[in-house]
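Once you've looked at the hints, dock chain V against the given chain E.
Those protein sequence lines, which keep their order, are chains E and V. So that you can map any letter, position 557 of the first sequence is 557 in our numbering, and since no number is skipped, the others follow by simple counting. So that you can map any letter, position 302 of the second sequence is 302 in our numbering, and since no number is skipped, the others follow by simple counting.
Lysine-lysine pairs mimicking DSBU-like chemistry, simulated, CA-CA at most 35 angstroms apart: (1) Lys111/V with Lys52/E; (2) Lys345/V with Lys358/V; (3) Lys27/E with Lys111/V; (4) Lys254/V with Lys27/E; (5) Lys184/V with Lys358/V; (6) Lys230/V with Lys27/E; (7) Lys351/V with Lys254/V; (8) Lys230/V with Lys184/V; (9) Lys220/E with Lys287/E; (10) Lys230/V with Lys289/V; (11) Lys220/E with Lys152/E; (12) Lys111/V with Lys230/V; (13) Lys52/E with Lys230/V; (14) Lys127/E with Lys152/E; (15) Lys289/V with Lys345/V; (16) Lys52/E with Lys358/V; (17) Lys184/V with Lys254/V; (18) Lys27/E with Lys289/V; (19) Lys181/V with Lys230/V; (20) Lys181/V with Lys351/V; (21) Lys414/E with Lys467/E.
Far from chain E, by Cβ distances over 10 angstroms, these chain V residues were calculated: (22) Gln69; (23) Phe182; (24) Gln258; (25) Asp260; (26) Val292; (27) Thr320; (28) Pro387.
Please keep in mind that the hints were generated in silico from the structure rather than gathered at the bench. Just so it is clear, the structure is predicted and the values come from calculations on it, not from any experiment. Backbone N, C-alpha and C fix where the C-beta goes; we use that ideal spot for every residue, glycine too.
Spelled out, the chains give:
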Amino acid sequence: MEGLINPADSVERQRDKLLNICAALIKRVEQPKVDQSSAFAQFERAALLDSKVRQRTMNLERALDLLNESNAELAAAKRDAEQSRSILNEAVESVDEGFALFDSQDRLLLFNSRFCLELGSVRDRLKLGISFDEYVDIVSTSSEIEFSTILKRDSWVTERLEHHRQVRAVFNIALKRNRWLQVSEHRTEEGGTAILQTDISDVMRQQLRERDELVDSQDKMLRATLDHLAQGVCIFSQTARLAGWNRELERMIQIPARYVRPGTSFATILGFVKDNMTFAGSYPSEKLIAWANNSSGRPPIEFELTDIRKRVFSVFAQEMPDQGFMMSFSDVTSERIAANKLRELNKTLEERVADRTKALGAALQDAERANVTKNRFVAAASHDLLQPLSAAKLYLATLQDAAPNDQMAQISGKAERALKGAEDIIEALLDISKLDAGHATFDVRPFALGPVLSSLLNEMTPIAEEKGLDLAIGMSDAAIVSDPVFLRRVLQNLISNAIKYTDHGAVNLRICDTAQDAMTLEIQDTGPGIAPEDRERIFQEFTRLEDSHSGAKGIGLGLAIVERVCTALDHPLQLQSDLGQGSCFSVTVPLHLGANPNIDQTGTVFFDNLAIVGKMLLLVENDEDLANAMSLRLERSGAHVVHAASGEEALELLEEIDLLPDAALFDYQLGAGIDGIDLHEIVRARYKPVPTFILSADRSAKLQDRCLSADVPLIHKPIDIDLLLEALDSVLGY
Amino acid sequence: MNHVLRPVGEDGGSPVSGQHLVSFSERIDRPDFVDRIVQTLSATPMSHVMVFACPEVDFASLISTLHAQLECPVVGCTSAGEISEAGFVEGHVVVIGLPRRWFAARSVLIKDLASADFSALNDTLIQNRLALTTSNPSKTNGFSFLMVDGLSMREDQLVGAISPGLLGFPLFGGSAGDGLKFEKSAVAFEGRVYENAATLTFVVTNCNVRVFSVNHMTPGQTRMVVTEAKPEVRIVCSINDEPAAEEYARLIGKDPNQLDEFTFAENPVTVRVGDEYHVRAIQRVNEDKHLVFFSAIDEGMVLSVAHAQDIVEHLDAELTNITTGFGAADIIACDCILRRIEVQKSQKSLKVNSVFQKHGVVGFSTYGEQIGPLHVNQTLTGVALFPPTAGD
Numbered sequence: 001m002e003g004l005i006n007p008a009d010s011v012e013r014q015r016d017k018l019l020n021i022c023a024a025l026i027k028r029v030e031q032p033k034v035d036q037s038s039a040f041a042q043f044e045r046a047a048l049l050d051s052k053v054r055q056r057t058m059n060l061e062r063a064l065d066l067l068n069e070s071n072a073e074l075a076a077a078k079r080d081a082e083q084s085r086s087i088l089n090e091a092v093e094s095v096d097e098g099f100a101l102f103d104s105q106d107r108l109l110l111f112n113s114r115f116c117l118e119l120g121s122v123r124d125r126l127k128l129g130i131s132f133d134e135y136v137d138i139v140s141t142s143s144e145i146e147f148s149t150i151l152k153r154d155s156w157v158t159e160r161l162e163h164h165r166q167v168r169a170v171f172n173i174a175l176k177r178n179r180w181l182q183v184s185e186h187r188t189e190e191g192g193t194a195i196l197q198t199d200i201s202d203v204m205r206q207q208l209r210e211r212d213e214l215v216d217s218q219d220k221m222l223r224a225t226l227d228h229l230a231q232g233v234c235i236f237s238q239t240a241r242l243a244g245w246n247r248e249l250e251r252m253i254q255i256p257a258r259y260v261r262p263g264t265s266f267a268t269i270l271g272f273v274k275d276n277m278t279f280a281g282s283y284p285s286e287k288l289i290a291w292a293n294n295s296s297g298r299p300p301i302e303f304e305l306t307d308i309r310k311r312v313f314s315v316f317a318q319e320m321p322d323q324g325f326m327m328s329f330s331d332v333t334s335e336r337i338a339a340n341k342l343r344e345l346n347k348t349l350e351e352r353v354a355d356r357t358k359a360l361g362a363a364l365q366d367a368e369r370a371n372v373t374k375n376r377f378v379a380a381a382s383h384d385l386l387q388p389l390s391a392a393k394l395y396l397a398t399l400q401d402a403a404p405n406d407q408m409a410q411i412s413g414k415a416e417r418a419l420k421g422a423e424d425i426i427e428a429l430l431d432i433s434k435l436d437a438g439h440a441t442f443d444v445r446p447f448a449l450g451p452v453l454s455s456l457l458n459e460m461t462p463i464a465e466e467k468g469l470d471l472a473i474g475m476s477d478a479a480i481v482s483d484p485v486f487l488r489r490v491l492q493n494l495i496s497n498a499i500k501y502t503d504h505g506a507v508n509l510r511i512c513d514t515a516q517d518a519m520t521l522e523i524q525d526t527g528p529g530i531a532p533e534d535r536e537r538i539f540q541e542f543t544r545l546e547d548s549h550s551g552a553k554g555i556g557l558g559l560a561i562v563e564r565v566c567t568a569l570d571h572p573l574q575l576q577s578d579l580g581q582g583s584c585f586s587v588t589v590p591l592h593l594g595a596n597p598n599i600d601q602t603g604t605v606f607f608d609n610l611a612i613v614g615k616m617l618l619l620v621e622n623d624e625d626l627a628n629a630m631s632l633r634l635e636r637s638g639a640h641v642v643h644a645a646s647g648e649e650a651l652e653l654l655e656e657i658d659l660l661p662d663a664a665l666f667d668y669q670l671g672a673g674i675d676g677i678d679l680h681e682i683v684r685a686r687y688k689p690v691p692t693f694i695l696s697a698d699r700s701a702k703l704q705d706r707c708l709s710a711d712v713p714l715i716h717k718p719i720d721i722d723l724l725l726e727a728l729d730s731v732l733g734y
Numbered sequence: 001m002n003h004v005l006r007p008v009g010e011d012g013g014s015p016v017s018g019q020h021l022v023s024f025s026e027r028i029d030r031p032d033f034v035d036r037i038v039q040t041l042s043a044t045p046m047s048h049v050m051v052f053a054c055p056e057v058d059f060a061s062l063i064s065t066l067h068a069q070l071e072c073p074v075v076g077c078t079s080a081g082e083i084s085e086a087g088f089v090e091g092h093v094v095v096i097g098l099p100r101r102w103f104a105a106r107s108v109l110i111k112d113l114a115s116a117d118f119s120a121l122n123d124t125l126i127q128n129r130l131a132l133t134t135s136n137p138s139k140t141n142g143f144s145f146l147m148v149d150g151l152s153m154r155e156d157q158l159v160g161a162i163s164p165g166l167l168g169f170p171l172f173g174g175s176a177g178d179g180l181k182f183e184k185s186a187v188a189f190e191g192r193v194y195e196n197a198a199t200l201t202f203v204v205t206n207c208n209v210r211v212f213s214v215n216h217m218t219p220g221q222t223r224m225v226v227t228e229a230k231p232e233v234r235i236v237c238s239i240n241d242e243p244a245a246e247e248y249a250r251l252i253g254k255d256p257n258q259l260d261e262f263t264f265a266e267n268p269v270t271v272r273v274g275d276e277y278h279v280r281a282i283q284r285v286n287e288d289k290h291l292v293f294f295s296a297i298d299e300g301m302v303l304s305v306a307h308a309q310d311i312v313e314h315l316d317a318e319l320t321n322i323t324t325g326f327g328a329a330d331i332i333a334c335d336c337i338l339r340r341i342e343v344q345k346s347q348k349s350l351k352v353n354s355v356f357q358k359h360g361v362v363g364f365s366t367y368g369e370q371i372g373p374l375h376v377n378q379t380l381t382g383v384a385l386f387p388p389t390a391g392d
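One chain only, chain E, in its complex shape (with noise of 0.2 angstroms):
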């Protein structure tokens, strides 16, 4: 180290050059880490990492090497191991008891010559190499293991295979003649296990005598403490013998004490308890019979007895962990009473619940009816107002025609869009009314959207372009499950309630694929928005948002039938709308899942061409289900259709609503009433002739000639719908 200061310089040399010196180890030790890209650094960290492989490898082969001596010490060890075998043996076989050594695979490894001797003839089975298993197999055989009801043999086993299970257990097995076996289990260090066994029937008969001293002092208290019980008690032996009760027992059941001794049979006691008292809810004996004679395994049971002088007593019977049982008996007569008043007053109250449910019954059914009349009304008057508005319509075309100068064409013009706007509202109207009295019949099944978005495109685009709006609809080949005509109308009021709310921008339908198994139909415009406080209001009927400016003559009621079809076909509808950022509405419908030869390609059925579009029908038919079905088809063509179950009702309805129908179809057979004919014959001549069909299957040439005598066309049934919709076509058209 010396070296490092050269004696020929200064002292104050030598200083600094050695702070110099420090300056640089400083730097180099501190050097960061991320400086080792310099060369020295690099040759640094392969020298290290090449001097460590080196290292290893060295290591690796003394490894080997050590591995060849400890396989040369493995093969001593094995002899050692063998003399050290025979030594324990001789040390096993000094002992005084019983001795066997199981290794840590459970193979019984030796065992000395006292081993097992106390269990007989089974120790000759015992072998070198058996299993721990095998082991208590065969010692469970011995003849001279004292086995119980309790403990059979099966259970034997099975305990003493738990209690090898156990790190340390010390046991004892009980043999015949008053004999006890002490097993003591100890786990060696290596996983095997050392078994013990040693003689111990003097400790325990010695045990035994002081227990059963024990015992005798126990009954006496039990005794006391039995009679101090406000119940009665009594107990059975396991074979179904008394072996205790108390005082309180005999007083209660009134009986005898020739009954009542140690030892008496379950069943002597029960036929005196038989003779002098009832079972309630008549608890047969017999069961009660075998159920003491189980000796074990008693479920714990519950029952009632009454007596001569009606006390009622609850009897509860239990098993005890000695396999005897237990009965205990209290008195509950005056609870019974109690809860019988309870019962009569209870009965009182269902009474009068009952005749409050019969009253609102018919209450109910007073309000149904009325609805019935109002809807029939509200049908019936719709069409009535939507007759001579037509008729109005048709004027009011004529005048615009002959209008002599352009304010009078204008102002029919202006009354023309009135009257549509009134036809609107009533059409609407019907609608709700319909829908709202859970008339509406829908037909859901599957077919394709294409071709009713693009009957909506062609419908809506002028009403559009009228307002310089654009209209986009998306178009989908997928097949939905709906209502067609009802989901075409939701769609439609959507588009149009858009139009009407938009000022300029676009209205767009956009079709989401939302779900596997559902669509979502979005309808999208560029309006003013609805603010969040307007959301649920604009379903309501009537409701217009004030505060629109774009002058459009909305009815308000396009969405309450929207949100009303929406909700009866389980097709949510959402709404998403900020002011100022447009709406858009959006109704989920399912998707029609799996290829379906049958769907309905062409969607919807138009009518516009149909003459019997908007048309009252009146249809008398006394079989309901085919009354349901015309009237669906009839409705879904346009039609109005008002439906009585007979002759007389029909006559009642016609008084009642003071209406005609545009026209009538009756069934021939009505039931007990009128027939058909009759009744055709007596509107016309009550009223005043309606054209009229009489259905029937009935093809005899009578009731031909009763219809041709009574100037009315027949339509035999099963029903030709399309035969029908012409029939009626040629009689309503124009």
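Frame of chain E; chain V shown alone:
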């Protein structure tokens, strides 16, 4: 088994083959030396040829001719002196042919050492290595041989970076030299000569292989601390806060104005890494009285002056130790120029030559040696090739 060397021919140019390599040398003052090389090599189907050429030769012309006339790839480098089958020679070209019967090889050129990013190299190396082993399944032993421009000063980084890509192919190599001029050294690849470059040759063979490095230095007690350095050019400016050359001279007890190669060879300094000492050889004293090294140095490095054992005895003992029990050997050696200087100055050339001959050593004198991931100095580093284990 005895390895018998044929006597060197009178003209010093007769080819001498070992057991498995075809190695020979030609004097470059013979006008037909290139033709003679081609002729000798043509006698045996070769998989690869390596040449170590003295700095006086027209290296580019030699390489392009060999490339044009030989069917197998040729790699090579310039030397700081050659080791022929006769021992230390100068003005020669030493040629080593790897016969196809025993060897297969693939070489890779690594250019622009000063700027190259070596981390990307490993993929190329591994691909070449796998291609070689896959097409030569019966040649189960291997080694890699590096020749690198000895004036590039990038050997430390290069070997450190490529060593992960050499699995199962222990590396040895040498830094190409320029006699004692330290001006221009080069490597050759595919008929062209490159400076600031290296060639790495993967070799597979049936022969048994042992890559080794011997070093006859033992570290002494005299220590010094590098207080100022320029690591990127391997220059130590000051030692113990004094001009490096002067302080070094003071510590070894020499006149600072008399320092030469022989001084450096005789009084090398070593650095301790882990438990081992590695020689950091001094190349020369520059005009600033700074010491220029042959390998990586840094500030704060502690150097200790080492003492040389007898180079001849040491070499013989080491080579005997390496070859004993494996049969006759062929050895390709990269021997440090400082060792050559020490031998020549101490007039032990004859003795060393006979040790080389005894052990079948051919190779060249280097500006530094590479072993495994390390660039070292003042060693003899090489590969010993032994007859295949019975069955081949």
